[in-house]
Amino acid sequence: MGRTDEDLVRATRAGDVTAFEVLYERYNRRLFGYLLRLVHDRALAEDLLQEVFMTVLSSRYQPQPGRLGGFLFKSARNRGLTALRDAERRRAKLEDRAETEADGSFEANAAERSALNVALEELEDHDRDALILKAIGGLTYREIAEVQSVPEGTVKSRLHGAIRAVRLRFQGSES
Amino acid sequence: MTLTCDQCREHLIDYHYRETNGTTSRAVASHLSSCTSCAVEYCRLDADLGGIAALLEDEPGPRVLANLEREVRHAARPKRRLFDLLQLRVPIYQPMAVLLATGAMWFFFTHLALPDETDSTPSPSSAAEIRDYDARTLISIQANVL
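As you go down the protein sequences, you meet chains A and B in turn. The first sequence begins at 2 in our numbering and counts up by one. The second sequence begins at 8 in our numbering and counts up by one.
Don't read these hints as lab results, they were simulated from the structure. Remember, predicted model here, so these are calculated numbers, not experimental data. Idealized CB from N, CA, C, for every residue including glycine. Please note: incorrect hints may appear among the correct ones.
Pairwise CB distance ranges, derived in the manner of DEER restraints [what the hints assert, rightly or not]: (1) 108(B) / 68(A): 48 to 56 Å; (2) 26(A) / 41(B): 36 to 44 Å; (3) 78(B) / 7(A): 57 to 65 Å.
Restricting the straight-line Cα-Cα distance to at most 20 Å, the calculated cross-link-like pairs of lysine to any residue (SDA-like) are [as the list claims (entries may be wrong)]: (4) 157(A) / 44(B); (5) 75(A) / 58(A); (6) 157(A) / 104(B).
Let's have the full structure, built from the sequences with the hints guiding it.
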């Protein structure tokens, strides 16, 4: 039985690097994947990932059972959107975008990843956001509704629509 | 509560993400256990959503973990800076005691302190001793003597 997120946060704040590594291993790939799709800039996404984990070290996050994932993804979303509003970084994002997509090309599932990226790019921004927050963030409908400032029913319909669209795109690319 | 295939498929995404209530969850589970086509559809959906989640994940560079580990060590290190000292919580009686002590010292030195022995101004007692002194008397005495 693994340690809970709350235990790991407390141990990390006490200076336990091993506990932090477990926590990092639990969330880093999902958070980074989300940030990367939000800002389209690998270096910026890494900086933001670092900032997001730093908030866990600070007293801004009060450990509560089952809340860390939601907190991290909300924090990542806010920071990512703030970074996107920065005009200079937005310009850099456009320049580096091709480079970012090329980074994953050595991977075995590059074709699938590329197809997924295409499918995601075809979605509306808020539909894509809902899908990613749900699929890898594990946020509840209520949490996504809070993040997007819409009713839960809207989140549900957005998510259902996004999943249908992505699956259709995948089935189309396979046939 | 029993579901038709169409009703069941409407709930599959929510069921996968555990967003259905207890009654609906039981109804979906019951339908899936008895309907092969819906069970196959659910397996496909489950695999697709798992695949999407896996593809959405990405690996950050090693510098992120290295930086964060350094921060964890640094944050746990005890430190006492001037600003931290200013933020120390102290009981309210301590500043009150300091203020009272300062006021008492001021009062003592301005009102109750002993007169300086080297002071050239006459004390009230010496002033009383020469209260009846008249310089004209002294002049008349001198005139009589001369």
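message: Holds or violated: the 48 to 56 Å window for the beta-carbon distance between residue 108(B) and residue 68(A)?
response: The hint (48 to 56 Å, Cβ to Cβ) holds, given that residue 108(B) and residue 68(A) are roughly 49 Å apart.
- request: Could you grab the alpha-carbon distance between residue 75(A) and residue 58(A) and see if it respects the 20 Å cut-off?
  value: holds (16 Å)
message: Need the status of pair residue 157(A), residue 44(B): alpha-carbon distance at most 20 Å?
response: Given that 20 Å is the threshold and the Cα spacing comes to 24 Å, the pair is violated.
- request: Evaluate the given range 57 to 65 Å for the C-beta pair formed by residue 78(B) and residue 7(A).
  value: violated (20 Å)
field: Given pair status - residue 104(B), residue 157(A), alpha carbons within 20 Å
entry: violated (63 Å)
- prompt: Given a hinted range of 36 to 44 Å, is it respected by the beta-carbon distance of residue 26(A) and residue 41(B)?
  reply: Holds - the Cβ-Cβ distance for residue 26(A) and residue 41(B), about 40 Å, lies within 36 to 44 Å.
Hints 3, 4, 6 from the list above are not met by this structure, while the remaining hints are.
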